[in-house]
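Trainee: Sequence:
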Amino acid sequence: MYMLGIHTGHDAGACLFEDDRLLAFCKEERLNRIKNDGGFFDLQSVDEVLRIAGISRAQIDVVAFTRMKFPVSCFKTGALPLRDVRRKIFNQQRDRSLGSLMMRTRNLDAETFLDLPRLRQHMGLRPDVEMHFANHHRAHVMSSLRYCDWPGDTLLVSCDGGGDAAQYSAYLLADQQLKLIWGGEETLLDEPQNEAASIGLAYAFATSACGFKPNRHEGKLTGLAAFGEPKGADRIVALFPIDEHGRIHTELADNKALHAALGDIFQGLSNADIAASIQVATERVVLRWLQVLLKKHPAKYIAMSGGVFSNVRLNQLVAALPEIEEVFIFPAMGDEGLPVGACVDYWVARHGLAKLTRDRLDHLYFGWPYTGDDLLGAGERLGFRVEREPGYVEKTAQMLADGWVGAIFYGAMEMGPRALGARTILASPAQREVNDSINKRLQRTEFMPFAPYVLDVDAERVYDIDPSNQYACRFMTITTKVKPEWAARIPAVVHVDGTARPQIIERASNPLYYDILVSFKEKTGLPTLVNTSFNAHEEPIINTPEEALQALADNRIDFLVCDGGMVFPGEAHRAQG
552 MYMLGIHTGH DAGACLFEDD RLLAFCKEER LNRIKNDGGF FDLQSVDEVL
602 RIAGISRAQI DVVAFTRMKF PVSCFKTGAL PLRDVRRKIF NQQRDRSLGS
652 LMMRTRNLDA ETFLDLPRLR QHMGLRPDVE MHFANHHRAH VMSSLRYCDW
702 PGDTLLVSCD GGGDAAQYSA YLLADQQLKL IWGGEETLLD EPQNEAASIG
752 LAYAFATSAC GFKPNRHEGK LTGLAAFGEP KGADRIVALF PIDEHGRIHT
802 ELADNKALHA ALGDIFQGLS NADIAASIQV ATERVVLRWL QVLLKKHPAK
852 YIAMSGGVFS NVRLNQLVAA LPEIEEVFIF PAMGDEGLPV GACVDYWVAR
902 HGLAKLTRDR LDHLYFGWPY TGDDLLGAGE RLGFRVEREP GYVEKTAQML
952 ADGWVGAIFY GAMEMGPRAL GARTILASPA QREVNDSINK RLQRTEFMPF
1002 APYVLDVDAE RVYDIDPSNQ YACRFMTITT KVKPEWAARI PAVVHVDGTA
1052 RPQIIERASN PLYYDILVSF KEKTGLPTLV NTSFNAHEEP IINTPEEALQ
1102 ALADNRIDFL VCDGGMVFPG EAHRAQG
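Numbering (the working numbering), first residue to last: 552 to 1128.
Hints in this document: simulated from the structure, not taken from any laboratory.
Just so it is clear, the structure is predicted and the values come from calculations on it, not from any experiment.
Where a beta carbon is used, it is the ideal one built from N, C-alpha and C, also for glycine.
Fair warning: there could be bad hints in the mix.
In the DSBU-like style, the derived pairs of lysine-lysine whose C-alpha atoms are separated by at most 35 Å in a straight line are [unchecked claim]: (1) LYS851 / LYS1034; (2) LYS847 / LYS807; (3) LYS851 / LYS730; (4) LYS846 / LYS1034; (5) LYS782 / LYS764; (6) LYS764 / LYS807; (7) LYS1032 / LYS782; (8) LYS991 / LYS946; (9) LYS782 / LYS851; (10) LYS586 / LYS991; (11) LYS906 / LYS991; (12) LYS1032 / LYS946; (13) LYS782 / LYS807; (14) LYS1074 / LYS946; (15) LYS1074 / LYS764; (16) LYS586 / LYS764; (17) LYS782 / LYS730; (18) LYS807 / LYS639.
Ranges between beta-carbon positions, derived for each pair [said to hold, decoys possible]: (19) LYS1074 / GLN1101: 43 to 53 Å; (20) GLU874 / PHE591: 44 to 54 Å; (21) GLN1101 / GLU1036: 35 to 45 Å; (22) GLU874 / GLU984: 41 to 51 Å; (23) ARG939 / GLN728: 51 to 61 Å; (24) GLN595 / GLU1089: 17 to 27 Å.
Go ahead and model the full structure; you've got the sequences and the hints to work with.
Mentor: So this is what it looks like as structure tokens:
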């Protein structure tokens, strides 16, 4: 059975499953090069995941959607408002939200609204293809459920800026049963959550108040927070009381009132103090929420998803809760991960939870599997200097040790927002100044040092890795303390609070990435390297060989390395630079 997953809206994208095994994943921004693009219904990423899997639309058996926007031409005329009826009659290209119609009419039957045969025809699918429409937060939760294999009771939570009239959800997995605690279909039917109670929206407002783009630059505030004082944290926390059932409330009427209250709290504060205030408040609200839930629903494990859990500092504190043995954050924790969760939701609805494979991710390389020869051949065609000689791993390590900045282009691009060795910029961590020089070349303004990656055999020696956070550290979704004896030797990857966001790498998942670090360690004694995403400011992470070569031509990096050789600027590129 082939299942296609689709989400449009913030961070649109698609994925493809064979039964309950993920084959391919692509975020729309990686193809159209528009950062965080929400996409329209006819996504390029749909054809890309089919290309990756090597199948056609005729082979698709199921499509799992979120309750997203669909073309008005695919709605039943009687289900549409008059203005959209006119658009349908005149065949205007316009998408309409299924979720908003469901909420307005208190009806969750997608077939009430959508002309499913017309939708299948629009998509070029067989007439017998099944269609599933997943709840936003349940899709978040199901994505994390699929990739944690814990045998004991597990709390699964999602938290974000909002979807399907909810900002929070919580489930308990116990005795092979998944029980809803809060934040399910009731938010669409009769009990929408008050968006003013959203700590995610509060964080987005703080991002905007500091002059950054909400829903994009929240990570900047997480880094900036370490430079400020949480002067407004107590007042922010007071806006989000939590009852004994683990529900987050507020006395504020709506989102406008939330913005007004936060604007008053932030009045006169520096950007660093705003960042510190919202960061500490978010930590306190979410941790208190989880503690109340755990008191009522004891569990040893927590699985997290939703955009708020892209906050790596928050995730570190969750892992430190005394009753918790291990945490997992689905690596595509934001809305880009919803297609995965929608497919898992269908599988469980159709076959039952007992039939769902629950194992651990060992890599995130689900894009098109480019080869080293793809890069080297493109480099030769475009006039770059290409070296195919053996010894490129050792040469890369030596150049990094000598202060050069390179990038690795290896196989399929990563799923999720982090570069994890397929599209990664590499540098030595020995000098703190490398952050400033690379940021200048990438036109970035950041407040955190770059993240490190570390060999599996060295991880616990350099960072505070333990059973609670080791799995999460595979995907750079959590911060840890850096061991004091190492912090001064690798300053480029250590934040002012003594933490880092490490990626633990095993050789089986990416031999080139692993072997470069092995060689670098032999030459320098340092068991870690800088890893930052291979993209300039406000650009999506690069995908194709041509995009990688353009970055080299633009002097974002000094060289490229791939499986099979290295690429350097040619004479024409050096003259241009």
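Trainee: Give a verdict on every hint.
Mentor: Hints, one by one, checked against the model:
Restraint check for LYS851 and LYS1034: satisfied, since their Cα atoms lie roughly 27 Å apart, inside the 35 Å limit. Distance restraint check for LYS847 and LYS807: the Cα-Cα separation of roughly 33 Å lies within the 35 Å cut-off, and the hinted pair is therefore satisfied. Distance restraint check for LYS851 and LYS730: the Cα-Cα separation of roughly 16 Å lies within the 35 Å cut-off, and the hinted pair is therefore satisfied. A C-alpha spacing of about 33 Å is found between LYS846 and LYS1034, which places the hinted pair at or below 35 Å, so the restraint holds.
Restraint check for LYS782 and LYS764: the C-alpha separation of about 23 Å stays at or below 35 Å, so the hint holds. The straight-line distance between the Cα atoms of LYS764 and LYS807 is roughly 18 Å, inside the 35 Å bound, and the hint therefore holds. The suggested pairing of LYS1032 with LYS782 holds, with an alpha-carbon distance near 24 Å, which does not exceed 35 Å. For a cut-off of 35 Å, the pair hint linking LYS991 to LYS946 stands: about 25 Å separates their Cα positions.
Pair hint LYS782 plus LYS851 holds up; C-alpha atoms about 34 Å apart against a cutoff of 35 Å. A distance of roughly 20 Å separates the Cα atoms of LYS586 and LYS991; the hinted pair therefore holds under the 35 Å criterion. For the hint pairing LYS906 with LYS991, the CA-to-CA distance comes to about 51 Å; that exceeds 35 Å, so the pair is violated. Restraint check for LYS1032 and LYS946: the C-alpha separation of about 31 Å stays at or below 35 Å, so the hint holds.
A threshold of 35 Å between alpha carbons decides the hint, and for LYS782 with LYS807 the separation of about 23 Å falls inside it, so the pair holds. Taking the CA atoms of LYS1074 and LYS946, the gap is near 11 Å; set against the 35 Å cutoff, the hint holds. The straight-line distance between the Cα atoms of LYS1074 and LYS764 is roughly 41 Å, outside the 35 Å bound, and the hint therefore fails. Of the pairs offered as hints, the one joining LYS586 and LYS764 holds, with about 12 Å between alpha carbons and a cut-off of 35 Å not exceeded.
Only pairs whose Cα atoms come within 35 Å are accepted, and LYS782 paired with LYS730 is rejected, the gap being roughly 39 Å. Straight-line distance between C-alpha atoms of LYS807 and LYS639 comes to about 33 Å, which keeps the hinted pair within the 35 Å bound. Distance hint for LYS1074 and GLN1101: a CB-CB separation of about 30 Å, inconsistent with the stated range 43 to 53 Å. Checking the proposed 44 to 54 Å range against GLU874 and PHE591 shows it holds: the Cβ atoms sit about 45 Å from each other.
Checked against the hint of 35 to 45 Å, the pair GLN1101 and GLU1036 passes, with Cβ atoms roughly 41 Å apart. One distance hint, 41 to 51 Å for the beta-carbon pair GLU874 and GLU984, holds here, with the actual separation near 42 Å. For the hinted restraint 51 to 61 Å between ARG939 and GLN728, the CB-CB distance of approximately 56 Å keeps it satisfied. In this structure, GLN595 and GLU1089 meet the distance hint of 17 to 27 Å, their C-beta atoms being roughly 20 Å apart.
When held up to the earlier numbered hints, the structure conflicts with 11, 15, 17, 19 and fits the remainder.
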